[in-house]
Amino acid sequence: MKVLVGVKRVVDYAVKVRVQNKSVDLNNVKMSLNPFCEIAVEEAVRLKEGKQADEVVAMSIGPKQCTETLRTALAMGCDRAIHVSTDLRTDYIDLQPYAIAKIFEKVVEQEGSDLVLLGKQGIDSDCGQTGPMLAGFLGWPQVTFAANVEAKDGGIQVERETDAGTETINIPSLPAVVTCDLRLNEPRYATLPNIMKAKKKKVDTIDADSLGVDLEAHNEVLEVFEPAQRKEGIMVEDIDQLLDKLKNEAGVLA
Amino acid sequence: SIEIPDMEDEHGVLPDPIATVGAGVTRNTLNEALRHTGLQFVVDPGADATLGGMVATGASGTTAVQYGTMRENILAVQCVLADGTIVNTGTKALKNSAGYDLLGLLCGSEGTLGVITKVAVKLHPIPENIMAAVCVFDSLQDAAQTVAMLKLCNVPLLRCELLDAMSVKAFNQYQQGQGQQDAGAATKREEKPTLFLEFQAPSMESLQEQVQMTQSICDDYGGSGFDYCSDEEERKALWAARHSLYYASVNLRPGATGAILTDACVPLSQFASVIQETAQEIEEKGVVAPTFGHAGDGNFHTIIPIGEGDSEEYIETLHEISNNIVLRSLAAGGTCTGEHGLGYGKTKYLERQYGPGAVHMMQLVKKSLDPHNIMNPGKVVPN
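So the sequence lines, in the order shown, correspond to chains A and B.
Following the working numbering, the numbering of the first sequence begins with 1 at its first residue and continues without gaps.
Following the working numbering, the numbering of the second sequence begins with 1 at its first residue and continues without gaps.
Be aware that a few hints might be false.
So the derived label-pair ranges between C-beta atoms look like this [unchecked claim]: (1) A/T166 with B/K285: 49 to 57 angstroms; (2) A/E237 with B/G378: 41 to 49 angstroms; (3) B/T29 with A/E186: 54 to 62 angstroms; (4) A/V29 with B/R235: 42 to 50 angstroms; (5) A/E111 with B/E32: 27 to 35 angstroms.
Rather than coming from a laboratory, the hints here were simulated on the basis of the structure.
Quick reminder that beta carbons are idealized off the backbone N, C-alpha and C, glycines included.
Hey, can you work out the whole structure from these sequences and the hints?
The following block contains the structure:
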């Protein structure tokens, strides 16, 4: 089984995001591996350790710093990596899931992958569309929000989380696309020897423009804004004043 | 602010395993930021403490037996004195003999000498291979002797914790509570003194050697039920329960609202007898109080739960036990506080522990650095 794992470079989850020029300000902002992609990498590496996968290839789309993100995936245990190079923003402002899925489609065809593992969504755009769109373009079965993956008899059995409970889906034979959710696994910490080894693993760079894919954004982003600022609180002198404000200003007491 | 090593240096220069952080950054926040560097900050007290706070209290955790306490893991500190002077002390170099050891002075000073603003801490590689082991003993004595022997035989321990029978009971009850939420029932442990050990090594082979040596030493002291596991989830569950012992202990007495937490540290040769005498006194007085400790360091804690309805007489007994633990430890050549600091309750033991000379020297230091006594007055040094 050849596995392709999507690895997205996103604004770090702990960063306080600011809006600048109709988009999220990315200047000097800490970027990291998308947490859901990290879970996908972990699952792929486990499939390899369990001898169900022969090769795990990590792939990332974006600027040259994506190689750092790919190095982390390699340090976790991926065999090699593909960097699809572009300066277009991948947080929905320039590249959108449709184009991203098309890029993945091309790479899957080139690589001959049997299983594509993706995070369920990027924490920047929160779309959750790349996986399903890719499956649609490839004509492959898909399971999203995977909470458990088991390779069985040439296919996979996946448990997925829904609001109503857990659903078990059996895909009798590969290929397939699976998107990974939080409870699928807890990703490993890369140890230093693995980080050092990862520096020697192969990273191939492909120019996004050379793939013959339409990278145009089909949806126009009209506005990006921060949530309304919370109004400053005030100090009150005593309980009576508090009650008065709650009753007559905030209107929360009868 | 957090500065962590850059593993991606283009010239292939390996960075120093050092992180420089603002005093308010907590240890978990630091370790999260270090996530993909392969390095970790190892001092692990129960709470998610701030690094500045950890310096001020000379904090310590379960990994002290291998890596030392906060004292051994700081390289540089920035602080502000009472008169507004900004002090930068220490160096990123691993050794330093330039001038007075101000780092040592600040460590454990509990805010009485300066306000800590920045800390440069040592980092260590995340271990390639870790194994946890458990062994049960007939007596605290046997368990403590085993630890002493392990150290003499140069077995490198990553963690070494000793739980008395009552602690194991609390541990079982806690696991039972957790078991309802997690899949996979945790086995109930025998309610006897138990050693929880952890090892790390660059290879599985050397790890297994360490475990084998340990097993044979445990055998020598009548240990039974020796068990080991390397599965990450099992190991984590084990240590999570150990870290939650405070709450588990308080829960041993339904209705307890808090507890007296003792902390004493003695030379390893005295560890067995001090812990034994403490357990004996507790039993004789009919008090519920589990005892557990960082056996590798000769440091132990007794958690004495207090209930709302407890009589004054009972509470007095509890304080008696706590006081006796300190006196016993001092008599054994140890200290009234191994890692928790003096707080409000232990300054009174300072002179007994060190004699008038050291207390006088501490007072001189305090007076010259804080003549108007504005820095956390009433703490550390007796007035």
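Checked hints:
no.: 1; hint: A/T166 with B/K285: 49 to 57 angstroms; in the structure: holds (52 angstroms)
no.: 2; hint: A/E237 with B/G378: 41 to 49 angstroms; in the structure: violated (32 angstroms)
no.: 3; hint: B/T29 with A/E186: 54 to 62 angstroms; in the structure: violated (18 angstroms)
no.: 4; hint: A/V29 with B/R235: 42 to 50 angstroms; in the structure: violated (35 angstroms)
no.: 5; hint: A/E111 with B/E32: 27 to 35 angstroms; in the structure: holds (33 angstroms)
In this structure, the hints that do not hold are numbers 2, 3 and 4, in rising order.
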